[in-house]
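Read top to bottom, the protein sequences are chains P and C. Take the first sequence: its position 365, counted from the start at 1, is 365 in the working numbering, and no numbers get skipped. To convert, take the position in the second sequence, counting from 1, and add 1000; that gives the working numbering.
For the record, the hints were derived by calculation from the structure and aren't laboratory data. Note that the structure is predicted; figures quoted are calculated from it, not measured. Backbone N, C-alpha and C define an ideal beta-carbon position, used for all residues, glycine too. One or more hints might be untrue.
Claimed, not checked - Which bits of chain P does chain C cover? Going by a derived footprint, with three or more residues having C-beta under 8 Å, they are: (1) 55–63; (2) 66–74; (3) 109–123; (4) 230–239; (5) 267–274; (6) 303–312.
Said to hold, decoys possible - Once the Cα atoms are required to be at most 16 Å apart in a straight line, the calculated EDC-like pairs of lysine to aspartate or glutamate come out as: (7) P:K164 x P:E206; (8) P:K53 x C:D1050; (9) P:K43 x C:D1062; (10) C:K1204 x C:D1157; (11) P:K52 x C:E1061; (12) P:K172 x P:E160; (13) C:K1052 x P:D49; (14) C:K1043 x P:E61; (15) P:K164 x P:E197; (16) P:K52 x C:D1050; (17) C:K1122 x P:E160; (18) P:K17 x C:D1157; (19) P:K399 x P:E354; (20) P:K43 x C:E1061; (21) P:K399 x P:E322; (22) P:K122 x P:E143; (23) P:K356 x P:D32; (24) C:K1052 x P:D62; (25) C:K1052 x P:E60.
There are 2 protein chains.
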Amino acid sequence: MISNIQNLFSDQANRMKRSAIRECLKLTQQPDIISFAGGLPSKTSFPYDDIKKLAVSVIEEDGPAALQYSTTEGDNGLREQLLKRYQREGLTHITTDNIVITTASQQSLDLLGKIFINPGDKIICGLPSYLGGISAFAVYGPELVGIKFDEHGMRADILEEKLKVLSEAGEKPKFIYVIPDFQNPAGITMPEFRRKEIIDLAHKYEVLIVEDSPYREVRFEGQAPAMMHALDKTGQVITLGTFSKIFCPGFRIGWIVADQSILEKFVQAKQTADLCTSSYLQKIAAKYLETGLFEKNLTGIIQEYKQKKNHMIKNFETYMPEGVRWTNPEGGLFLFLYLPEHLDAGKIFFNAIEKKVAFVQGDVFHCDGSGKNTLRINFSFVDKETNTEGVKRLAEAIKESL
Amino acid sequence: MISNIQNLFSDQANRMKRSAIRECLKLTQQPDIISFAGGLPSKTSFPYDDIKKLAVSVIEEDGPAALQYSTTEGDNGLREQLLKRYQREGLTHITTDNIVITTASQQSLDLLGKIFINPGDKIICGLPSYLGGISAFAVYGPELVGIKFDEHGMRADILEEKLKVLSEAGEKPKFIYVIPDFQNPAGITMPEFRRKEIIDLAHKYEVLIVEDSPYREVRFEGQAPAMMHALDKTGQVITLGTFSKIFCPGFRIGWIVADQSILEKFVQAKQTADLCTSSYLQKIAAKYLETGLFEKNLTGIIQEYKQKKNHMIKNFETYMPEGVRWTNPEGGLFLFLYLPEHLDAGKIFFNAIEKKVAFVQGDVFHCDGSGKNTLRINFSFVDKETNTEGVKRLAEAIKESL
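Let the hints inform the model, and build the full structure from the sequences given.
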């Protein structure tokens, strides 16, 4: 074997580290840990019988095409089903040519990084922002510019300030990365006025927006603001979707909706990344949408997660010590817990693990290292009884650090 | 929309172009074209009934785990099945920790490029070499060093010469890329003595070897030389495997077998690339191996492709004009056609398409632009009758250029 294999690794490789979340997930495999850490859907949310039926009928009806290579762009039937859904969301200006199927959203994030980022390029993201996005981009060596949040998400005033300073320095960020609906990790939804403010800034400074939208359809209550893609319509917004939270993550199917000038390059990147996404699973998913089974199951997921979220909020109110605050999301899978400023969630983590409860410390979602007093909490995965026991343990761990 | 979106693209993106092979595959979707172009398995090779059964039983037996996220490393059951097969191949020094599941071999190739290649790094490959490998590496900006072939594959004498020159210049290539069994596109299998020569050089100059092995199990006749991974045993060989040609490409499942010092970085790269490969399909594949259905079907694939290859060779002997030569592979999916030196397969391509027969021009497999008088021919996809008609048309197109 070669001595010092480390010396052979590329700059990209040297920027990689094992994901804190993925390592956390390993803890969830210990059966006695109550995990609020991962972003796992509930096992009761999966449509087992539907999948069994469709997995057979797809082979019977589509035969060879279900097992052969797909085109890189993806299964036409699936793209048409997705188009219909997006047209109902007000994306009336797009066609199936604006949709490319990916091997779930993580691939979309990676390929966006690949086609846009040179080392040193500026990428704008929220403080906090989804770790999987940050990590995918980080491989390509960008400088992440974090924008603070208020209760409406990314602050437009700070964004404008940063864009102005960059512009005066002759720099143009490659894109602004946002998760407008039930943001991961904060659980905040951007109201329409804030979306418009950000789009206006993107137009003014000619910057792309990446609208990562994995949870939008899991809305428990309230009115959905328009998608940023629908508010823009000039092709400046790139939207990412996925079935991972609204069908099942084990299928690894996502998609990207974008202007064709971007998709052309994106398809080239996907050709070398994995040629195409599973034709078999794409065809099952297409049929799942086409037959209306998707909508039926989604209604069940929304009901289940709504109850779980309400249950967790009630448990927080009962067990959390004074000084701890939390967001109360209108949908999605996560909420964010704020400890008193002087506390460090990283230290509480180890005590919590001893008490057999897990979460993700919030600072990993902050590209500037802030957020040490925050915790990301998932409420979709465990059942209600386990949730109560987990919140008790977590509250105990926090109390001991006060 | 942003003006001049092209200016936003990264260096990686600027190195990408649409794959000639993928674009060729679009031609095969015209129903009246006889395609020897793609690398598609025969539709009669897919185990439709087995998949229908297993797709149901996996849900019944594994339930939630089949639809949830997998670990990035992959399904343990599948890794154990693969380990057993590799142990029979003489890889007695490895464990499941040396195997990571990927979203088919194209992902393995891309991630190898990602973790090893900085712009300007040297990568050694064959003249010719698999285009999907070359394209995946090219994104990261390496300088490809092509090594000429003889009837035994990559020439060890030229390889040594190049390694020596590079070493004297203080340069170490990141790896040597080889496809030892039924090489794509040349159809040549490296005998054991040549494998050993190349491994000895890799040891002497401390260079990794990437052994891309998608066809090894599709052997029609003759004795298989030992795998390069088995001949090395020091961890200096990285082996890539895939189910695409021996089960079905629609599953997008491959794997990488490597030393843990390499796999650790590889897993980090996969975490940001797509988190994990489909758990559902991994579990179906594991059961397919475990129950012995895989072996049974593989025997059928080998029989079918052997007959198809023999049929094609017979057709060549009957219809090809004098001066045209071809390789006669002992397995795999491809053979290579050599025209008289002065002919250009790129020009014949358009005449062939007019006659409704497609192939891939050989120069795209040569990183130095040579090989203009060569054609890659696939014999697995079309049935025998179509094959005869296709060879007649191809022979006609070649004759017209003489």
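We went through each hint and held it up to the structure:
Given a C-beta distance limit of less than 8 Å, the hint that chain C covers the region 55–63 of chain P holds, as 5 residues qualify and 3 suffice. With 7 residues bearing a CB less than 8 Å from a CB of chain C, the region 66–74 of chain P meets the requirement of three and the coverage assertion stands. Requiring three or more residues with a Cβ within less than 8 Å of a Cβ of chain C, the coverage given for the region 109–123 of chain P holds, as 8 such residues are present. Coverage of the region 230–239 of chain P by chain C holds [criterion: at least 3 residues with CB-CB distance below 8 Å; count 3].
Coverage of the region 267–274 of chain P by chain C holds [criterion: at least 3 residues with CB-CB distance below 8 Å; count 7]. Given as covered by chain C, the region 303–312 of chain P fails the check, having 0 residues with a CB less than 8 Å from a CB of that chain where 3 are the minimum. With a C-alpha separation of about 12 Å, the suggested pairing of P:K164 with P:E206 holds against the 16 Å cut-off. Straight-line distance between C-alpha atoms of P:K53 and C:D1050 comes to about 15 Å, which keeps the hinted pair within the 16 Å bound.
Proximity of P:K43 to C:D1062 is assessed by CA-CA distance (about 12 Å); at most 16 Å being required, the pair is judged to hold. For the given pair, C:K1204 sits about 14 Å from C:D1157 by alpha-carbon distance, which is consistent with the 16 Å threshold. Our distance criterion of 16 Å between C-alpha atoms is met by P:K52 and C:E1061, whose separation comes to about 12 Å. Straight-line distance between C-alpha atoms of P:K172 and P:E160 comes to about 13 Å, which keeps the hinted pair within the 16 Å bound.
Between the alpha carbons of C:K1052 and P:D49 the distance comes to roughly 14 Å, so the proposed pair stays at or under 16 Å and holds. Distance check on the hinted pair: C:K1043 and P:E61 sit about 14 Å apart at the alpha-carbon level, within 16 Å; holds. Simply put, P:K164 and P:E197 have alpha-carbon atoms about 15 Å apart, close enough for the 16 Å limit, and the pair holds. For the hint pairing P:K52 with C:D1050, the CA-to-CA distance comes to about 14 Å; that is within 16 Å, so the pair holds.
With a C-alpha separation of about 44 Å, the suggested pair C:K1122 and P:E160 falls outside the 16 Å cut-off, and the hint is violated. For the hint pairing P:K17 with C:D1157, the CA-to-CA distance comes to about 40 Å; that exceeds 16 Å, so the pair is violated. Restraint check for P:K399 and P:E354: satisfied, since their Cα atoms lie roughly 14 Å apart, inside the 16 Å limit. In summary, the hint linking P:K43 to C:E1061 is supported, as the alpha carbons are separated by about 14 Å, within the 16 Å threshold.
Straight-line distance between C-alpha atoms of P:K399 and P:E322 comes to about 9 Å, which keeps the hinted pair within the 16 Å bound. In summary, the hint linking P:K122 to P:E143 is supported, as the alpha carbons are separated by about 5 Å, within the 16 Å threshold. Simply put, P:K356 and P:D32 have alpha-carbon atoms about 7 Å apart, close enough for the 16 Å limit, and the pair holds. Distance hint between C:K1052 and P:D62 is fulfilled; the C-alpha atoms sit about 13 Å from each other, no more than 16 Å.
Between the alpha carbons of C:K1052 and P:E60 the distance comes to roughly 9 Å, so the proposed pair stays at or under 16 Å and holds.
Of the hints listed earlier, those the structure fails to meet are numbers 6, 17 and 18, in rising order.
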